Every structure is written in C-alpha cells, then in structure tokens.
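Build out the structure end to end from the sequences listed, making use of the hints.
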Amino acid sequence: GALVYQYPRRTICKSGTSMRMECQAVGFQATSVAWYRQSPQKTFELIALSTVNSAIKYEQNFTQEKFPISHPNLSFSSMTVLNAYLEDRGLYLCGARQGYAEQFFGPGTRLTVL
Amino acid sequence: QQKVQQSPESLIVPEGGMASLNCTSSDRNVDYFWWYRQHSGKSPKMLMSIFSNGEKEEGRFTVHLNKASLHTSLHIRDSQPSDSALYLCAASASNTNKVVFGTGTRLQVLP
Chain A
1 GALVYQYPRR TICKSGTSMR MECQAVGFQA TSVAWYRQSP QKTFELIALS TVNSAIKYEQ
61 NFTQEKFPIS HPNLSFSSMT VLNAYLEDRG LYLCGARQGY AEQFFGPGTR LTVL
Chain B
1 QQKVQQSPES LIVPEGGMAS LNCTSSDRNV DYFWWYRQHS GKSPKMLMSI FSNGEKEEGR
61 FTVHLNKASL HTSLHIRDSQ PSDSALYLCA ASASNTNKVV FGTGTRLQVL P
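Each protein sequence line maps, in turn, to chains A and B. Residue numbers for the first sequence, in the numbering used here: 1 to 114. Residue numbers for the second sequence, in the numbering used here: 1 to 111.
Derived by calculation from the structure, the hints in this document are not laboratory data. Predicted model only: the values in this text are computed from it and were never measured. Hints are supplied without guarantee of correctness; some may be wrong.
To be verified - Okay, derived cross-link-like pairs now, SDA-like style, lysine to any residue, Cα gap no bigger than 25 angstroms in a straight line: (1) A:Lys57 / B:Lys56; (2) B:Lys3 / A:Gly99; (3) B:Lys45 / A:Ser39; (4) B:Lys45 / A:Gln24; (5) A:Lys57 / B:Ser43; (6) B:Lys98 / A:Val113; (7) B:Lys3 / B:Lys67; (8) B:Lys98 / A:Gln98; (9) B:Lys3 / B:Asn95; (10) B:Lys45 / A:Thr43; (11) B:Lys42 / A:Val113; (12) A:Lys14 / A:Val52; (13) B:Lys67 / B:Phe51; (14) A:Lys57 / B:Ala93; (15) B:Lys56 / B:Asn29; (16) B:Lys98 / A:Phe67.
As the list claims (entries may be wrong) - Not everything, but these chain B residues come out facing chain A in the computed CB check (under 7 angstroms): (17) Pro44; (18) Leu47; (19) Lys98.
A virtual CB, placed ideally from N, CA and C, is assigned to each residue, including glycine.
Structural data, given as structure tokens:
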C-alpha cells in the first residue's frame, strides 16, 4: 500500500536556529509533495507545493528563503525551517500524491521552538 | 487565492445521532473534493472522495456534491464517540496539483 513517512516525529530547537525535516513516499511515485503547517492559531496552512519537473510554488506568507524545499526524486522531499521562532511551532505535515490521486499524509513532524 | 470554507466550526451530537458537515470552495475550477478525518495527535486520513455530482455512500458515511455551487457535505449517521475528531475538507482543481484544505469542523460525539 501507499505510505508516507516523516522524520523526525518530534524536534525541539532554540529560537533562531534551523531544523530540517524529511518526507518519504513508499509504494507510489510522489509526483507532487505538499508541505503544510498545522498550528493552534491558524489550523491547516499550505506552505508550498513541489511538483516534479516544475518550480516549487510557495503560498502567500511563506518563502523559499524561510522554508527551502528539496524534491530530488519521486520518493523523497525535505524542508528546512530556517531561523525558527515561536510562531513557527506546530505540526508540519507532508502530503504526497501521484498525479491527481488521493493525497497521502505522513504522521507529521512536531516542532517546538524554545 | 482559492479558499475552502467549512461549517460549522464545531459540532456536538449525541451518540447515535446524525452529524452534518459542510464545505464550499471559492474556486470555480475545483472539481475534486476529499474529506479527511484527523484524530487528536494523528495525521489526517482520507475518509471519502467525490468528483461527480450527486451522492456517494460508504457505510455510515454519505457525501453529497453539487458542482454548480461548489458545495459538498458529509453526513455521518449513527454517530459513535470514536467519530469525534477534526474533519477536514480538501479541494483540488484538475488544472493544478494543489490540494487546499478548509479550516475544519471539530466533531464531538457524546456517549
């Protein structure tokens, strides 16, 4: 079956530092990977959508300078939160799709910023 | 920017009752809808999808879609306490890979 893994599941970083999270799709080809942030204040926000052979598209209020994303192949993507502050805390979810099929989610990376 | 609105924000129903959740997209290009359920501390899992006008039933869950009004609804009959969760509606247009989520309806089923 189709599965999506995310690493790490939980992470704590000091304010002003950066942390990288990974997303791996198993059992299907992740032609697109979307990164979301779920926070108590703003619920579900799309950060950016990465489609193979296309430029990564960031949503309003999110930038490549702050959330650089890599999507080197059809099974892996990573995103870094640079210079993390309190407002960056939350659950970061990776959603992967093959074509226009169902989007499968990973378990998320919970980021705590001290 | 495409928006997906869900209502109500929260809903309380008694065990055995009917829960009805609504979702509307503002993007006229949207033609795919999904309903996801997210239990506390877990990632969202897809419940049902609908692409055609009309109704689709799977067990206790029924989804309606009206493409003209870009409105979908999820109905849960014989609600169980285990149905208590955040229900997220997602929409996508066939000309884009982007899946946009609504803010969710938090359902609580009281035993």
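Structure-based check of all given hints:
1. A:Lys57 / B:Lys56: violated, 33 angstroms
2. B:Lys3 / A:Gly99: Measuring from Cα to Cα gives roughly 22 angstroms; hence the hint holds.
3. B:Lys45 / A:Ser39: holds, 18 angstroms
4. B:Lys45 / A:Gln24: holds, 17 angstroms
5. A:Lys57 / B:Ser43: holds, 23 angstroms
6. B:Lys98 / A:Val113: Measuring from Cα to Cα gives roughly 28 angstroms; hence the hint is violated.
7. B:Lys3 / B:Lys67: Cα-Cα ~16 angstroms, so holds.
8. B:Lys98 / A:Gln98: holds, 12 angstroms
9. B:Lys3 / B:Asn95: holds, 16 angstroms
10. B:Lys45 / A:Thr43: holds, 16 angstroms
11. B:Lys42 / A:Val113: holds, 20 angstroms
12. A:Lys14 / A:Val52: Roughly 33 angstroms between the alpha carbons, so the hint for lysine 14 of chain A and valine 52 of chain A is violated.
13. B:Lys67 / B:Phe51: Between lysine 67 of chain B and phenylalanine 51 of chain B the Cα gap is close to 9 angstroms, so the pair holds against 25 angstroms.
14. A:Lys57 / B:Ala93: holds, 16 angstroms
15. B:Lys56 / B:Asn29: holds, 21 angstroms
16. B:Lys98 / A:Phe67: holds, 18 angstroms
17. Pro44: Nearest chain A Cβ about 5 angstroms off; hint holds.
18. Leu47: violated, 11 angstroms
19. Lys98: With a minimum Cβ separation of about 5 angstroms from chain A (threshold 7 angstroms), the hint on lysine 98 of chain B holds.
The structure does not agree with the numbered hints 1, 6, 12, 18 stated previously, though it agrees with the rest.
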